[in-house]
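Chains as they are written, first to last, in the working numbering: chain A, 2 to 342; chain B, 2 to 342; chain C, 161 to 481; chain D, 161 to 481.
Honestly, the hints are just simulated from the structure, not real lab data.
If you want the ones that stay clear, here's a sample from chain B, every Cβ over 12 Å from chain D, calculated:
hint, residue
1, 2
2, 20
3, 39
4, 49
5, 134
6, 190
7, 191
8, 192
9, 236
10, 325
Here are a few chain B residues that face chain C, going by a calculated C-beta distance under 7 Å:
hint, residue
11, 36
12, 37
13, 41
Distance condition first, Cα-Cα at most 20 Å in a straight line; then the derived EDC-like pairs of lysine to aspartate or glutamate:
hint, chain 1, residue 1, chain 2, residue 2
14, B, 39, C, 406
15, B, 39, C, 412
16, A, 328, D, 470
17, D, 321, C, 355
18, B, 119, D, 217
19, A, 53, D, 406
20, B, 119, D, 250
21, C, 432, C, 448
22, B, 119, D, 471
23, D, 321, B, 62
24, B, 296, A, 290
25, C, 352, D, 363
26, D, 463, D, 404
27, B, 328, A, 290
28, A, 119, C, 250
29, A, 331, B, 290
30, A, 119, C, 470
31, D, 352, C, 355
32, A, 39, D, 417
33, B, 119, D, 470
Ideal Cβ placement from N, Cα and C applies to all residues, glycine included.
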Amino acid sequence: MSKKSYRQAINEAIASEMRRDPTVIVMGEDVAGGAGTKGQQDAWGGVLGVTKGLITEFGPERVLDTPLSEAGYIGAAAGAAATGLRPVAELMFIDFMGVCFDQIFNQAAKFRYMFGGKAVTPLVIRAMYGAGFRAASQHSQCLYPLFTHIPGLKVVIPSSPYEVKGLLIQSIRDNDPVIFFENKVMYDDIEEVPDEPYTIPFGEANLTREGDDVTIVAIGRMVKMANEAADRLEKQGITCNVIDPRTTSPMDFDTILDCVADTGRLVIVDEASPRCNMATDISAVVAQEAFGALKAPIKMVCPPHTPVPFAPNLEDLFVPNADRIEKAAKALMNYQIKEPA
Amino acid sequence: MSKKSYRQAINEAIASEMRRDPTVIVMGEDVAGGAGTKGQQDAWGGVLGVTKGLITEFGPERVLDTPLSEAGYIGAAAGAAATGLRPVAELMFIDFMGVCFDQIFNQAAKFRYMFGGKAVTPLVIRAMYGAGFRAASQHSQCLYPLFTHIPGLKVVIPSSPYEVKGLLIQSIRDNDPVIFFENKVMYDDIEEVPDEPYTIPFGEANLTREGDDVTIVAIGRMVKMANEAADRLEKQGITCNVIDPRTTSPMDFDTILDCVADTGRLVIVDEASPRCNMATDISAVVAQEAFGALKAPIKMVCPPHTPVPFAPNLEDLFVPNADRIEKAAKALMNYQIKEPA
Amino acid sequence: MQLSREDLLTAYRTMRTIRDFEERLHIEFATGEIPGFVHLYSGEEASAAGICMHLTERDHIASTHRGHGHCIAKGVDVMAMMSEIYGRKDGVCGGKGGSMHIAEIAKGMLGANGIVGGGPPLICGAALTAKTLKTGGVAIAFYGDGASNQGTTLESLNLAKIWNLPVIFVCEDNGYAEATSSSYSVGGTQTKRAEGFGIPSVEVDGHDFFAVYDAAREAIQRARAGGGPSMLHVKTYRYYGHFEGDATTYREPGEAEKVRKERDCLVGFRGKVTEAALLENKDLDAVDAEIADLIERAVKHAKAAPLPTEEDLLTDVYVSY
Amino acid sequence: MQLSREDLLTAYRTMRTIRDFEERLHIEFATGEIPGFVHLYSGEEASAAGICMHLTERDHIASTHRGHGHCIAKGVDVMAMMSEIYGRKDGVCGGKGGSMHIAEIAKGMLGANGIVGGGPPLICGAALTAKTLKTGGVAIAFYGDGASNQGTTLESLNLAKIWNLPVIFVCEDNGYAEATSSSYSVGGTQTKRAEGFGIPSVEVDGHDFFAVYDAAREAIQRARAGGGPSMLHVKTYRYYGHFEGDATTYREPGEAEKVRKERDCLVGFRGKVTEAALLENKDLDAVDAEIADLIERAVKHAKAAPLPTEEDLLTDVYVSY
Ligand SMILES: Cc1ncc(C[n+]2csc(CCOP(=O)(O)OP(=O)(O)O)c2C)c(N)n1
Ligand SMILES: Cc1ncc(C[n+]2csc(CCOP(=O)(O)OP(=O)(O)O)c2C)c(N)n1
Ligand SMILES: [Mg+2]
Ligand SMILES: [Mg+2]
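Start from the sequences, fold in the hints, and give me the full structure.
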């Protein structure tokens with residue numbers, strides 16, 4: 002056990018699974034870097050250095066740099082998964098899904114069902130998501146709602162270094178296609194992370210803090226924001242549950258419903274575009290299944306319905322923050338049920 | 002005015018706009034058919050005959066058969082739209098979006114914002130959606146929630162021949178990128194449709210029937226199912242509003258909120274996969290904005306979280322129907338608010 | 161022709177099975193009993209048969225919407241295929257896939273595909289598995305002239321080349337993508353395209369089983385020996401429409417009939433092997449009778465077989481969830 | 161060389177502007193004041209300049225993540241570009257796009273692009289507009305060696321060919337896609353790929369303005385005359401890393417310095433035109449001074465310019481909604 006970054010936790014997760022299982026391979030654009038050049042091999046280890054060192058340990062047969070052909074190599078990863086390998090394919094930025102989505106949602110996701118249960122496709126696709134990097138509209142999106150919508154995919158969104166290691170090992174051992182979302186502004190986040198491999202099961206939310214007044218569900222990096230807001234609220238005498246669902250498919254609705262049964266108030270924080278996102282998904286299930294427990298409206302804290310702007314001040318306005326969460330929770334505390342006319 | 006099919010209404014809408022505006026062009030795979038062959042030209046008019054006759058009237062310079070390259074020609078349509086044409090591009094089945102989504106959601110949808118308001122992209126993409134055709138997992142999806150999620154796109158889902166003509170003309174005249182969803186099992190539906198061109202504005206829901214007890218919001222073909230259920234419910238003394246939002250982006254939440262304010266009960270019927278779909282989207286907004294008016298949980302009637310099955314009996318179980326809607330509405334009528342413990 | 165008598169009978173049996181399967185579906189579809197889209201492979205049999213003759217179960221193929229022939233040639237059970245096309249529970253995919261999604265991975269058949277160009281990337285993956293696990297296997301991507309214009313197909317050519325994968329790209333060019341002629345939709349030529357990516361390629365008469373067989377042998381041997389990908393441009397023809405229900409008005413009148421009369425692969429095969437006295441007509445007639453019976457049984461069985469049950473709707477989405 | 165004195169000065173001014181713009185960004189980026197990803201075009205100037213010299217505002221270009229050079233060559237205002245890169249309200253995109261999305265459609269500049277391979281399909285659309293509305297315009301797709309492996313690029317080659325569009329595909333091959341050599345990622349050759357689609361193609365020395373200029377003239381003339389698409393394989397080199405911050409350890413030590421010393425396009429241009437006595441050194445020096453001043457003003461202005469306001473977050477999503 003020692004302090005490790007989110008980046009290092011990911012690297013360790015992949016390395017330990019590659020050691021354990023010779024069918025695990027890694028592929029992506031510059032996951033090593035230096036292919037065909039006269040300079041250093043493993044020059045990059047991925048665009049932000051996450052897979053650095055893997056090619057040195059496991060060689061170019063198991064760590065494959067790809068051409069700039071996402072449909073080709075993500076499809077190849079799907080085909081390899083269905084025939085005996087366990088590929089961990091990197092799609093650099095999730096924003097690039099638009100050139101290879103078919104291989105994910107019509108092929109890998111549907112093999113098992115279309116083929117009558119005879120296919121097993123242990124595929125992991127890692128990708129960066131999220132705003133805050135000043136990377137503008139085509140490199141800052143969340144997009145996990147699109148994948149959550151698709152039956153046959155699993156969707157994992159780890160919120161800290163500890164979480165990312167356990168969830169990635171689980172993803173690699175899992176027998177279904179997994180889309181694994183890494184937050185690009187969290188790579189240098191640091192916390193205690195065990196050295197040895199461990200898994201965190203899918204579909205079990207993490208109740209990161211407990212309280213009596215408001216339940217806050219937050220996705221990915223928003224878990225930090227939610228806890229920051231909860232700290233502030235606690236000083237004002239308002240205590241919160243903060244739930245990190247960890248995986249949005251499968252989604253642990255039970256934990257959310259249980260907490261709402263206790264608090265009667267729910268705030269959902271989602272960095273994804275506001276239409277048909279995780280906030281609406283969770284809200285709708287609660288409004289259907291726990292209506293009787295609700296003491297107030299369900300509040301959603303999301304970005305506006307716009308692309309991600311480049312200008313730093315606009316981007317900061319775009320992303321949900323602790324202020325907005327705090328305000329939402331307080332509004333619920335102040336809500337008075339009016340008798341229907 | 003005369004009885005026309007959904008198919009004919011679409012054809013008329015395109016033809017009338019092509020007559021009115023020489024910058025309107027049509028492109029897609031076999032939108033004419035017969036290109037380069039020794040047989041009949043205009044052999045198909047689209048895979049289900051919807052664009053038949055257009056090439057005869059407007060010639061091959063304005064009705065372009067494409068190679069099997071959706072990313073190429075949908076991107077070309079976006080580029081043409083940004084430079085002075087008004088392309089109506091056909092993406093045959095919306096299920097094929099996975100090979101060309103980038104050109105839609107990262108390019109066309111974001112031009113205006115990324116370019117600081119200087120781009121105008123009057124692009125229409127027509128595509129078939131929906132189950133019931135025995136076309137199995139890769140030709141039966143709805144997928145409109147994915148497009149609704151994306152800022153910069155407009156999403157239109159017409160529920161009848163009258164609707165489809167007015168909404169398509171509006172789409173062609175609109176100055177933003179529009180994804181236009183045609184239900185493949187409705188092409189032979191027939192109703193009175195005016196001969197002359199007319200438009201139906203975006204973002205104005207159609208209250209297809211009024212009632213006091215339950216509000217039903219239904220998307221696309223589900224409007225018919227909802228009205229069938231409402232007929233049955235009326236015989237049992239339960240009267241319903243049935244709302245057809247017509248466009249999910251922009252979405253007329255006001256009409257929905259107004260109706261819920263009256264009835265206090267809401268059923269949402271959506272043929273799309275249940276996670277992060279239109280049902281959750283609408284539910285969440287109502288749970289946030291009209292909570293005080295709700296007398297009962299919000300019920301969602303959707304398919305299960307599975308791909309669309311091939312076997313006809315399974316597909317019939319998959320698609321929402323009037324029975325399930327009727328049952329949901331009755332459950333809401335019988336709902337008793339329990340005092341929170 | 162270094163094929164044994166047994167091999168020749170196998171080749172003929174495969175082609176005959178495909179032909180009869182498809183001809184019967186053509187008839188049955190017209191009755192309205194078969195749901196969904198059905199794309200028939202009649203006329204193209206020599207391609208699937210000539211290529212798959214070289215394969216065993218360690219080898220993989222990826223097919224297309226027009227997949228029945230590839231399935232049969234790769235050894236998928238004909239009874240189970242027919243049941244699948246009728247949407248029955250004992251279909252090879254439990255009735256959940258249908259004609260456009262027939263697959264049997266255990267047999268090395270990675271699926272028909274409803275997405276044109278869906279197969280080539282997948283088959284690169286199967287080839288990567290073979291290379292990584294050193295199975296000795298090769299992987300075949302069947303795709304049409306229309307599919308040759310999909311970015312997925314073109315990217316796969318490059319990927320297979322630079323990773324030196326044991327892939328054979330088989331472009332089955334039947335002259336049409338739906339109602340569009342390949343003379344309209346295909347810029348350049350298939351063989352030059354492959355060469356543009358550094359991949360050896362050859363054009364083959366797809367009506368001639370032996371031509372396909374020989375070209376495939378060379379490409380497959382090269383792939384097995386670590387020599388990387390090849391591409392075969394198989395010139396062929398489909399006798400029926402794009403899908404059942406297509407009136408094929410984009411053809412010249414009599415066009416299909418002429419090909420059927422002059423270049424049919426079964427007729428050609430019979431002519432060659434009997435002329436060369438490798439087989440007698442009665443040997444082939446016996447195969448014909450055997451297959452006629454098989455198809456008859458398959459259809460009877462499929463029609464009578466039970467549909468999936470309500471619970472089947474929800475199973476097989478995930479291994480675990 | 162049939163270029164007038166004025167033309168030569170324009171060519172040099174364009175290349176010098178690009179160079180100084182990029183060199184200055186290299187310095188400014190290191191201070192941490194410039195947000196986001198910045199990809200510099202230093203070293204590749206002759207490509208943008210040699211091609212765009214033939215264009216007017218009726219012609220369109222689509223660019224890449226490495227887009228500053230194309231923007232400048234196509235006439236986008238340098239002050240407004242610099243402001244954009246600093247995220248300012250008076251940037252050419254109001255600060256909403258940044259380096260990766262600089263665009264000005266009115267000038268025929270369809271955008272840098274954060275998606276590799278995003279541009280070629282779009283430019284086919286611009287060419288279709290030109291063809292349909294008979295504007296006489298041509299459309300240029302700039303893309304890298306890496307982008308040449310994207311399905312979108314490959315599909316566009318075919319689309320432009322079969323629709324006979326006035327497109328010139330300009331593959332700017334700087335030897336690398338990020339940290340990957342094109343010798344690894346590109347199967348075959350760029351020119352043979354184009355020929356595979358039936359498109360005439362030529363390899364060009366991208367360090368030589370005149371070579372690019374001449375090759376472009378021929379291709380653009382052909383396109384304007386209705387002769388359809390062409391492709392230029394421009395061999396070039398980027399002096400800096402893939403993006404600012406890249407340590408470029410994948411290069412041989414001294415590699416960039418060597419190219420800069422031996423093959424720099426500005427040095428080469430100066431040498432040729434002064435040797436041929438077409439211009440004098442002092443003419444070129446005057447341009448240098450003029451541009452140094454322009455860039456200085458642009459940076460000063462950008463740093464001082466106001467950011468967008470809170471309301472700007474919500475505008476420009478739709479024309480109407
Ligand atoms: C991505 C995608 N685009 C379009 C279609 C519709 N479609 C199905 S088959 C077909 C034509 C295919 O032509 P070709 O590849 O030559 O195969 P063939 O049908 O001739 O065997 C088309 C356009 C599809 N299924 N998938
Ligand atoms: C679809 C997509 N995949 C990957 C990337 C990440 N990326 C940005 S630039 C680049 C390399 C591009 O190489 P090349 O086309 O040769 O252009 P160059 O950078 O050399 O100018 C990559 C992989 C991207 N932006 N878009
Ligand atoms: Mg074909
Ligand atoms: Mg490059």
